[in-house]
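Q: Fit chain B to the given chain A structure using the hints.
Going down the list, the protein sequences come from chains A and B. Be aware that the first sequence starts at 0, since it is given in numbering that gives the first Met the number 0, and climbs by one per residue. Be aware that the second sequence starts at 0, since it is given in numbering that gives the first Met the number 0, and climbs by one per residue.
Keep in mind the hints are simulated off the structure, nothing from the lab. All C-beta atoms, glycine included, are put in the ideal place defined by N, C-alpha and C. The reader is advised that the hints may include incorrect statements.
Stated by the list, open to error - Chain A is nowhere near these chain B residues, computed Cβ spacing over 10 Å in every case:
| hint | residue |
| --- | --- |
| 1 | L74 |
| 2 | A79 |
| 3 | L83 |
| 4 | V98 |
| 5 | S197 |
| 6 | E198 |
| 7 | A212 |
| 8 | E217 |
Unchecked claim - Where chain B lies over chain A, by a calculated footprint (3+ residues, C-beta under 8 Å):
| hint | region |
| --- | --- |
| 9 | 126-132 |
| 10 | 147-155 |
There are 2 protein chains.
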Amino acid sequence: MFHRPQLCHPQWLPPHFLVVFTRFSCYQFHSIIRPRKASSDRQAKHSHGLWNTTQKLFPVSFADTQDRAFMQQALAEAEAAARLGEVPIGAVLVHQGAVVGRGYNLRETSNDPTTHAEMVAIRQAAAALGSWRLNDCTLYVTLEPCVMCMGAIILARVPRLVYGCRDPRVGAVGSIYDFSRDDRFNHRVEVTEGVLASECSELLSGFFRLLRARKKEERKPLSGEGDQ
Amino acid sequence: MFHRPQLCHPQWLPPHFLVVFTRFSCYQFHSIIRPRKASSDRQAKHSHGLWNTTQKLFPVSFADTQDRAFMQQALAEAEAAARLGEVPIGAVLVHQGAVVGRGYNLRETSNDPTTHAEMVAIRQAAAALGSWRLNDCTLYVTLEPCVMCMGAIILARVPRLVYGCRDPRVGAVGSIYDFSRDDRFNHRVEVTEGVLASECSELLSGFFRLLRARKKEERKPLSGEGDQ
Chain A
0 MFHRPQLCHP
10 QWLPPHFLVV
20 FTRFSCYQFH
30 SIIRPRKASS
40 DRQAKHSHGL
50 WNTTQKLFPV
60 SFADTQDRAF
70 MQQALAEAEA
80 AARLGEVPIG
90 AVLVHQGAVV
100 GRGYNLRETS
110 NDPTTHAEMV
120 AIRQAAAALG
130 SWRLNDCTLY
140 VTLEPCVMCM
150 GAIILARVPR
160 LVYGCRDPRV
170 GAVGSIYDFS
180 RDDRFNHRVE
190 VTEGVLASEC
200 SELLSGFFRL
210 LRARKKEERK
220 PLSGEGDQ
Chain B
0 MFHRPQLCHP
10 QWLPPHFLVV
20 FTRFSCYQFH
30 SIIRPRKASS
40 DRQAKHSHGL
50 WNTTQKLFPV
60 SFADTQDRAF
70 MQQALAEAEA
80 AARLGEVPIG
90 AVLVHQGAVV
100 GRGYNLRETS
110 NDPTTHAEMV
120 AIRQAAAALG
130 SWRLNDCTLY
140 VTLEPCVMCM
150 GAIILARVPR
160 LVYGCRDPRV
170 GAVGSIYDFS
180 RDDRFNHRVE
190 VTEGVLASEC
200 SELLSGFFRL
210 LRARKKEERK
220 PLSGEGDQ
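Chain A on its own, in the form it takes in the complex:
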């Protein structure tokens, strides 16, 4: 699959084809000659792996819109987690354009350390598709996956991962490790980062800001009681 973009590279094409091609599908041509970029307000720090098939079939703007639309759904999942008092992280798993798995962080509610958003979405998708191999799927998650979740993504053979903001503390797709670039695994995951990054990041910051304010508020009456 790697040789395809090379065949379409300008040096393989006659000059007149270049003109016609640029005229009729400048967006698509743009996607061939330039390295893949993140589709969000924040520039991707890295983008690698196999070329996105959607991007080859449609103009860049369409693929970007699609990524943003599914990330919006992941954000809605994250908001559902926040309403339960969980750290707001959400994920959706898309198979051939349809959502087959969705989930949000449920660690405190379920008392299960493995119920991260990605894990819930992967399990749901595997049950829906009747297979542990999640081929032709894209996982959208608001935060960079941890080692457990990235391990599960590789084990489930998810071909593509799109995430919002980085997790510099425990992220395993560029922060403390990068499993997507490790050839020792028998599966490579194509990664796009930074889709709706500021929204994803703001949701998390807002949650922790509120949490700190609540804790401060809880401490206040206690100190007042002590004064009496």
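A: Quick look at chain B alone, frame taken from chain A:
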């Protein structure tokens, strides 16, 4: 907790104490002055983290017997997996001397990529204890955990991990990664490897030998039919 063994080090004790101590509890003293060793027929390649509390309370041989006994239970779980045609890997999770979670590899049967033996045992133990924090627990597993399982072990705050044989292909406790020695995680796992290693390894080799023989057997009649 790290300073405890140092307080018991011979240089902190007067000579007469050394004699009395050696006389009445030579096994225990042996466990203090010498670095921790694996309890199996195969020597541990590494053993680190916090000191084993069981080993401080009982003679080394008792701790070893206990580890071997629980690993036998993990092996029984692995055999149950083999009977279902799954790769034979088993795990038990022990809390204060009692098994609170057990599991075996169920990937093909459940069609869930996350149902590794360790994950099943962790989920069961968390449900049994009513908490995602698996404090005072030891996880016994027949094969070195992968990145997903080792990630879950760290997330669940499991303090001690005992495993049978190494997985040089995807093991994350010394083979391709060693998360137990990574200070960037907010939890350290004490690791003992090599407990009943030959039994664990033989179970896996035997399973794959049988699988290859079956596949060969399946191909035979087909080639015979072709000749007719």
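Q: Which earlier hints can't be squared with this structure?
A: Violated hints: none at all, because every hint is consistent with the structure.
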